[in-house]
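Fit chain C to the supplied structure of chain B, relying on the hints for placement.
Spelled out from the first residue to the last, the chains are:
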Amino acid sequence: MTLEEQIKKTDEELIRELQNGSKDAFDELVERFSAPLLNFIARMIGDYTIAEDLLQETFIRLWVKKDSYREIAKFSTWLYTVAGNLAKSELRRRRFRRMLPLSSGSSGFGEDDDRCFDLPDPNSDPEKDHERRNIQRRLDEEISKLPVVFKEIIILRDIQELSYEEISTILKIPLGTVKSRVNRARGRLQESLKDLR
Amino acid sequence: MVTCERFEQDYEAWRKGELTTEESDVFQKHLDTCNNCQHFAESFSTLRQYLVAMPQQEPSVRFKYQLNRKINDINTGDYKERSFVNVFPRWAAVGAGIATGFTLALVVIILNIDSGTNNTQMMADKPKAESHEQFASNEIPDSTVQNSDTMNVPESNYRLDKYSQAVSSEY
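Top line first, the protein sequences correspond to chains B and C. Numbering-wise, the working numbering puts 824 at position 168 of the first sequence, and it's gapless, one number per residue. Numbering-wise, the working numbering puts 459 at position 38 of the second sequence, and it's gapless, one number per residue.
Just so you know, the hints here were simulated from the structure itself, not pulled from any lab data. Backbone N, C-alpha and C fix where the C-beta goes; we use that ideal spot for every residue, glycine too. Keep in mind that the hints are not guaranteed to be accurate.
Unchecked claim - What follows is a list of derived Cβ distance ranges for each label pair:
| id | chain 1 | residue 1 | chain 2 | residue 2 | range |
| --- | --- | --- | --- | --- | --- |
| 1 | B | I728 | C | G518 | 33 to 41 Å |
| 2 | C | Q459 | B | I791 | 32 to 40 Å |
| 3 | C | E426 | B | S678 | 47 to 55 Å |
This is chain C alone, in the form it adopts within the complex:
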């Protein structure tokens, strides 16, 4: 008894005649009766056919000349090992990468902390939202008045400004 999995695994060996006669008979019987494996065998053969027929390319004409020149350079001691990039040790490249990443992360964190502090400061300075009723009743919270004073903004202008901001945010 051969399973489809076993068939796919040993199909190549079977085709090459590497299995025993008994095993081969069992494989043949399975292939005759299993549609799935018939399809597998067909597509396998096509793929192998394409792969084996893949063109093989020869090195260019100058290849041997260049190789021989380098071999001569090695023998005479004139051969320069390789470029800096290739010679540059991998551990150094990895180290440099980590250091750069760490520095960038640090800069981003510092910038975030800095902008976070500014935002908190701005939030603290910002007056609380006022309702239409407050504006309508002309009651201005002390803190607002205080802030407008410190900013040297005329009270009426400031109130009008805050009102228009509140309306625009609401609609």
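Pulled out of the complex, with its shape left as it was, chain B reads as follows:
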């Protein structure tokens, strides 16, 4: 099977192939979901290094428990549920140990982070870039300060851009609750970022 054919397949077709033992299907799913899941987990826990460990754990669970997936829900929501549960467990474990406050100094997304988000544009204005980075860092900080219920919902809706229905399935809460929670989370963010405007 060519790479192009593999890319055209839906997630559900790929998981079916994975259930039949295809490693290629697994690799393609990893390719598709690595970045969005990493960013989801990282923003939930505020640390990219641990987020990568949890991402690995998510894919290991996918490999080990691939047969437990039933096609009653979208594959993406199933995988997000697994990743979200791991992130929440990590947050609980941290709260329990009180090891590390989520917003201590660098939120894990700072300038000193040696990972590069994107290549610098040679035509870009350094001043504007600096301002943009500051806003993004501030936004990250404010998101990390939100209670978990608001944090996960704002990440899923406004950063990952999932639909209300998908979020409702992932978080196992009614559609109406999702909508009202999104509004409340946005309200809190708007309130805390007043000075940016």
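Relative to chain B, chain C alone:
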């Protein structure tokens, strides 16, 4: 008629064109006349703009290599589940926490009871406060004399000591 609350709730759907034409018209009219909702719409747009533009990061280069190595380990049966801390069941951790808390509370209670008994004993042994007049008239309560006797302290020294204590506590 649209309330501000309803406007804020369905603003996103309205922007995406998910409302009916009639509803959209009503929303537009409300937005044209309501300062509060105009401010909301503006700040909502700015926030959405920032959030959507949040950078998305890729996993590190070694991520896929490490993942594949672990998958191979699972397939060959060499994969060690996880560390002790992770495997340690939550109920056991909670139980251990409760037991430790209970033990600490017990120790604190025992220490308190012990020191409480000593304090009561000391209070019982302590002579009652004497007035300047008693000292001046050289009348010493029997109990004081008794106690000074049992402690083998010379009576004059003891009286002087008690007097200085009483004066210092008063001033």
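If any of the earlier hints don't hold here, list their numbers in rising order. Those not satisfied come down to hint 2.
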